[in-house]
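> In case you want the letters, here they are:
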Amino acid sequence: MAEQSAVTEASTAAGTAVGARVPTVVADRLNVVYRVHGGGGKGNAVAALRRIVRRQKSPNVREVHAVKDVSFVAYRGEAIGLIGTNGSGKSTLLKAVAGLLPAESGKVYTDGQPSLLGVNAALMNDLTGERNVILGGLAMGMSQEEIRAKYQDIVDFSGINEKGDFISLPMRTYSSGMAARLRFSIAAAKSHDVLMIDEALATGDRKFQKRSEARIRELRKEAGTVFLVSHNNKSIRDTCERVLWLEKGTLVMDGPTDEVLKAYEKETGK
Amino acid sequence: MSTVSDTTHGDAATAAASPVTSPDDGLSPAALAEKYGLSVSGARPGLAEYVRQLWGRRHFIRAYASARVTAQYTNARLGQLWQVMTPLLNAAVYFLIFGVLLGSKRGIENYVAYLIIGIFIFTFTQSSVLAGVKAISGNLGLIRALHFPRASLPVAFTLMQLQQLLISMAVMLVIVLFTGEVPAWSWLLIVPALLLQSVFNVGLALGMARLGSKMTDLTQLMPFILRTWLYASGVFYSIRAVLEKHDLPWIVHLLLELNPAAVYIDLVRFALIDSFGRNELPPHVWAVAVGWALVAGIGGFLFFWKAEESYGRG
Ligand SMILES: Nc1ncnc2c1ncn2[C@@H]1O[C@H](COP(=O)(O)OP(=O)(O)OP(=O)(O)O)[C@@H](O)[C@H]1O
Ligand SMILES: [Mg+2]
Chain G
1 MAEQSAVTEA
11 STAAGTAVGA
21 RVPTVVADRL
31 NVVYRVHGGG
41 GKGNAVAALR
51 RIVRRQKSPN
61 VREVHAVKDV
71 SFVAYRGEAI
81 GLIGTNGSGK
91 STLLKAVAGL
101 LPAESGKVYT
111 DGQPSLLGVN
121 AALMNDLTGE
131 RNVILGGLAM
141 GMSQEEIRAK
151 YQDIVDFSGI
161 NEKGDFISLP
171 MRTYSSGMAA
181 RLRFSIAAAK
191 SHDVLMIDEA
201 LATGDRKFQK
211 RSEARIRELR
221 KEAGTVFLVS
231 HNNKSIRDTC
241 ERVLWLEKGT
251 LVMDGPTDEV
261 LKAYEKETGK
Chain F
1001 MSTVSDTTHG
1011 DAATAAASPV
1021 TSPDDGLSPA
1031 ALAEKYGLSV
1041 SGARPGLAEY
1051 VRQLWGRRHF
1061 IRAYASARVT
1071 AQYTNARLGQ
1081 LWQVMTPLLN
1091 AAVYFLIFGV
1101 LLGSKRGIEN
1111 YVAYLIIGIF
1121 IFTFTQSSVL
1131 AGVKAISGNL
1141 GLIRALHFPR
1151 ASLPVAFTLM
1161 QLQQLLISMA
1171 VMLVIVLFTG
1181 EVPAWSWLLI
1191 VPALLLQSVF
1201 NVGLALGMAR
1211 LGSKMTDLTQ
1221 LMPFILRTWL
1231 YASGVFYSIR
1241 AVLEKHDLPW
1251 IVHLLLELNP
1261 AAVYIDLVRF
1271 ALIDSFGRNE
1281 LPPHVWAVAV
1291 GWALVAGIGG
1301 FLFFWKAEES
1311 YGRG
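Quick note, the sequences are listed as chains G and F, same order. Sequential numbering of the first sequence, starting at 1, is according to our numbering. Sequential numbering of the second sequence, starting at 1001, is according to our numbering.
So that you can see chain G by itself, here it is in the shape it has in the complex:
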């Protein structure tokens, strides 16, 4: 539920339906640390052998503390924007929520299995778009009938075939925008409890961005929670009513879109 509209709904909610705020993601003092092996030191064969013989770990294991002590609760039906400058830890946070990165300390609890759509989350590049739609659907746990029923919708939504018969070509022949559109269309065909989109729409054209924003709003209505990472403040404003602002791994601010974006724009001097 929207933080924004929470104010107006407070009167009705206070007495009765507080239960409507069902949490879907709970992050509890989450810390994520990357360990980079062999960041320095000699990379030649002799050095590698000497390390193995002496049973040393790679020389200088560098640690990157990418997410620091982040806590938040996301609710059903919310669309949450995630902003911050490059390298502030947005992608890392989403990967940890999706269970793709282990937490150093703290925990993330989720409702079901969150799905993460990343920038370069290639599916099966050497297979045709058609195969990707079918296999992607099956992998997400859809039945064959469901996919058959939705196949045309998925292809139409992606708009891949607008410029000719591209759906029967291998996905490696797609432009980056086309690939991103197809990936989003496949993932969006199913209703998700938690869907996280990490700049996956950034390469899409204006028309597709509009269309996918509409789909995100729909997914929210289907009682899901959507996270959206974008450097385009307008698309955050259009889709999200709550925004998390990360900077250097810490959660600087968490609140209604307008206020957080205003503060963010002031900070980044826009």
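Don't take each hint at face value.
As the list claims (entries may be wrong) - Here are the simulated DSS-like cross-link-like pairs (lysine-lysine), alpha carbons at most 30 angstroms apart as the crow flies:
id	chain 1	residue 1	chain 2	residue 2
1	G	K207	G	K234
2	G	K107	F	K1035
3	G	K234	G	K163
4	F	K1134	G	K190
5	G	K107	F	K1214
6	G	K190	G	K163
Hints were generated in silico from the structure; no laboratory data involved.
Keeping the supplied structure of chain G fixed, place chain F with the ligands upon it in accordance with the hints.
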């Protein structure tokens, strides 16, 4: 619910934070998660649940395997024809070297059939292992993009190899017929033999998939390991004859006799080649074949499942 670390923006965030007083407000995050039945993200499902999930993805596994088979040869002009040509050319090369040049057919009647069965059956296990090593490490994009039980991939790759094997088998049967073997009821024994080998291969592929996902050096190492295994499996020569002629230490003797690849190869030879009699088989051959299938199948599955949550990380 708001977290405010930056005091300058504090007023804005707190204003939005708690207009609604809910009974959940006092709960700790862990208790809140518990109350709404949330689970720790990325935790490994229980074994029974995992098997159920995997069964639920059976259509994905089948479709993925056949899509890969089709895609495999799309860059070649001759396309699918290579599925038949590759085993044929392989057989021709090995026959030229081992049959004609080295003349290792000593004492083996119908050496052509003997050799070809050895190569094709060994190739099935070999390619399953190679595909297994790369099943996770070569598909990180798919793994990171979609959620499905990861064991689907090694299983699908083994299924793909099985599909290739069935084509090779057809080629093999034709060649075997040409060498003068007559079809007999014993030919049906290749069905249980290949089934057991398939289970063995799936288990092996699962195990290798986990190892390959962690140890990137494995891809470099595998060809050598597999070649050693090939030479120890009696593909070109008769293990029996070697064991009888030389007085090998008992441990080598035992290893050669228990070698799963050799066991599956000999079972198919026994099924198809008339002159390859029961006395050519190692003792308790079916028990060993079943044993290997169970050990590798169950062991490999458990070993793979134990690290389920870690695939795609890093
Ligand atoms: N695989 C990795 N190994 C080591 N450090 C990493 C890795 N991935 C990210 N980092 C570091 O973690 C920090 C956060 O990176 P992250 O990718 O989460 O940023 P981001 O907010 O998504 O940035 P962007 O807006 O550019 O996408 C950065 O300092 C980055 O250098
Ligand atoms: Mg990022």
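> Tell me the hint numbers this structure goes against, listed in increasing order.
none
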